[in-house]
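> Here is how the chains run, residue by residue.
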Amino acid sequence: MPPADRDFDGKPSDPVDQLVIQLRAYVARGREKPKQDAKKATATARRDSISDPDAPRTPPSEWVLIFDCETHTTPDQRLRFGGYQLRYKGQLWERGAFYEPKALEEPEKTLLRQFMAKEEPGPDGERIRLLKRSDFVEEVFYKSGFAVGAQIVGFNLPFDLSRLAIEHESARRGMRGGFSLRLSEEARWPRVAVKHLSQRAALIRFTGLRKEDKAEEEEVDPDAPHESEEKADPDRGYFVDVKTLAAALTSGSHSLESLSELLQVPTKKEPSEEHGGPLTEDYIRYGLRDVQTTWECFDALAKRFATFNLDDTGLYDLYSEASLGKAYLKTMKIAPWRKLQPDFPPQLLGQILSASHGELRVKG
Amino acid sequence: MDEFERFMSRARAQWRAKQKGKTTSLWGFENWASEGKGDHHIAREKYGEAIMPVPISMHRELTRRQMEEHPPEGADPIGPLERRRRLALGLVDMLECLADGLRLAGEKPADADGHGARDLDEEFDIPEDLAALICLVSGRLMAIALSRMLDVEE
Chain A
35 MPPADRDFDG KPSDPVDQLV IQLRAYVARG REKPKQDAKK ATATARRDSI
85 SDPDAPRTPP SEWVLIFDCE THTTPDQRLR FGGYQLRYKG QLWERGAFYE
135 PKALEEPEKT LLRQFMAKEE PGPDGERIRL LKRSDFVEEV FYKSGFAVGA
185 QIVGFNLPFD LSRLAIEHES ARRGMRGGFS LRLSEEARWP RVAVKHLSQR
235 AALIRFTGLR KEDKAEEEEV DPDAPHESEE KADPDRGYFV DVKTLAAALT
285 SGSHSLESLS ELLQVPTKKE PSEEHGGPLT EDYIRYGLRD VQTTWECFDA
335 LAKRFATFNL DDTGLYDLYS EASLGKAYLK TMKIAPWRKL QPDFPPQLLG
385 QILSASHGEL RVKG
Chain B
910 MDEFERFMSR ARAQWRAKQK GKTTSLWGFE NWASEGKGDH HIAREKYGEA
960 IMPVPISMHR ELTRRQMEEH PPEGADPIGP LERRRRLALG LVDMLECLAD
1010 GLRLAGEKPA DADGHGARDL DEEFDIPEDL AALICLVSGR LMAIALSRML
1060 DVEE
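As you go down the protein sequences, you meet chains A and B in turn. The numbering of the first sequence is our numbering, which starts it at 35 and goes up by one. The numbering of the second sequence is our numbering, which starts it at 910 and goes up by one.
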C-alpha cells in the first residue's frame, strides 16, 4: 500500500492509516420481464401466492415420529441400529428398533432380535417391531411419517437423517450449500434436503420429486422463485430438531443430557461408555431410552410453546429466538414494513443500511 | 390388514384430503346434502351386482377402503365364497360410516352442552341424509336376513 501522508500548507500532517473498510450493500430485485406465455404467467402467480409470508400453511397432523440412530465411532460414523416411536395425539402407537444389516455382526443381529422379542407393550398397547433400515425408511419414515403429515422429530436431526441416507449430493436451488439425502430406493419418495443455518439450526425439508429428464429441466421457468422464497407447502414435511427448538425456547445450547435435566423429564438421558463397542443389551436399552427422552423433551417444549398462544406458528418454524419474535409479529398481524411500503426507494434503503452499519461501528 | 394398518391407511387418506383442503372426516358428512348421490357396488362390481345409492363423498371413501384395505383375493376370485366375503366387507364399511355419522351427531349436543346450551335445537337432529341412509342399509340387511343369502339381487 503506497504512503498516504500529505502536506497541508507545507506542514506535514499526521500519518493517515489506510484501512480496508467494509460496506453493506443492498441489492434490489430487478424488474420482472413480461411473461411470454400462459405457463410463465401461471408460474408467476404461483410464486406470488407462495411467497406471501402471511399465507397459512396446512398444519401437520397429530402424528409424531421420533427416531434416533446409534453409529460406529469410526470416521464414517455408519449406522448400526436405531430406535423409534410413532405417536398419535401423544399416545404411543408403535415403537421399535431398526438396524443396518451390513453394519452388524451376525451375533449382534441375533442379540437385537432376542432383545426386541422380549419387549412388552406398555399401557398404550403399542405395536413393537424390529426392522431393517430400508424397511424402517419405507414403512415407517415415509408411509407412517411423510404420508400422514407427521412431525418428524429427533435430537440433532441432520445427523440422524444423514445416517439413514444411502446416497447424497449437493442440494440445489434454495437449499444450495446443503445436502440432498436419498433415503429410499423407491423413486416415489422424495429426498430430504438439509442446509445448516448455524451450529444450532438447519433447514430441513422434503424435496420435490426429481425431474431427471433434461428436456423437462429446460422447461423450468427461469424467473421462478428462488427456493428460499418459497413457502414450504405440506409436501415439504414438518421436521423438528429438538436441539434447535430448545435453543429457540431457552436461549441456550443443550445436549440431550443437559436438556433432559433442565426440563426435568421423567426419563433422563443416561451416559454410555459402550459407543463403538460390541452390541450389548445395555447399549440397546440405552438407544431406545434416548428416543423416549427425546420425545419427553419435545413434549415438554411443545407444551411450553403452546402457552405462548402463537397459533399461526408451528414448532417446525422455529430456528432461533428471532423466529419467536417474528411469530409474535405475525400473531399480532403486524405486516412487514416492505410489504406495506413496497415503493420505498431502494437507493435510500441502501444508504440507511450503510449508515446503520457505520453507527454500529462508532458505538462499538 | 390388521387394525393398526387400517388406522394408518385412514390416516394417510385423511392427510391426502387435508392437503386438498378437505379438512373434515373421511366420509365428508358436511357435503352430503349438496353433492348428490352415486351408485355404489357394495362388494365391488367384480364381486357382485348389488348396488346402493350413497352420497358421493361416502362412495369415494367406500371405494378407497375396497381398494386399499380389503384383503387379497382368495383361491377362487369369482367363486361364491369370495362374493359373499366381499359383500360382507362392503356392508361392514357402510355400517362403520353410519356409526361414525351417528357418533358425530351425538357429539354435537355434547359440545353445545359444554358451551352452556341446555335446549334441544334443530341442529342436533340426526341429519336427514344420514337417517335416510340408515333406513336404506337397514332395509338391505333385513332383506339379507330374510333371504338368508348375502349376495341378494338388486
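Derived by calculation from the structure, the hints in this document are not laboratory data. Incorrect hints may have been included.
Each computed BS3-like pair below joins lysine-lysine, with the alpha-carbon atoms no more than 25 angstroms apart [unchecked claim]: (1) K364/A / K1017/B; (2) K367/A / K337/A; (3) K360/A / K373/A; (4) K177/A / K166/A; (5) K360/A / K337/A; (6) K373/A / K337/A; (7) K1017/B / K123/A; (8) K927/B / K177/A; (9) K152/A / K136/A; (10) K143/A / K166/A; (11) K123/A / K136/A; (12) K123/A / K927/B; (13) K302/A / K152/A; (14) K955/B / K1017/B; (15) K337/A / K302/A; (16) K177/A / K1017/B; (17) K123/A / K929/B; (18) K229/A / K143/A.
> Please name the hints from earlier in the document that this structure breaks, with their numbers sorted from lowest to highest.
Failing hints, ascending: 1, 6, 11, 14, 16, 18.
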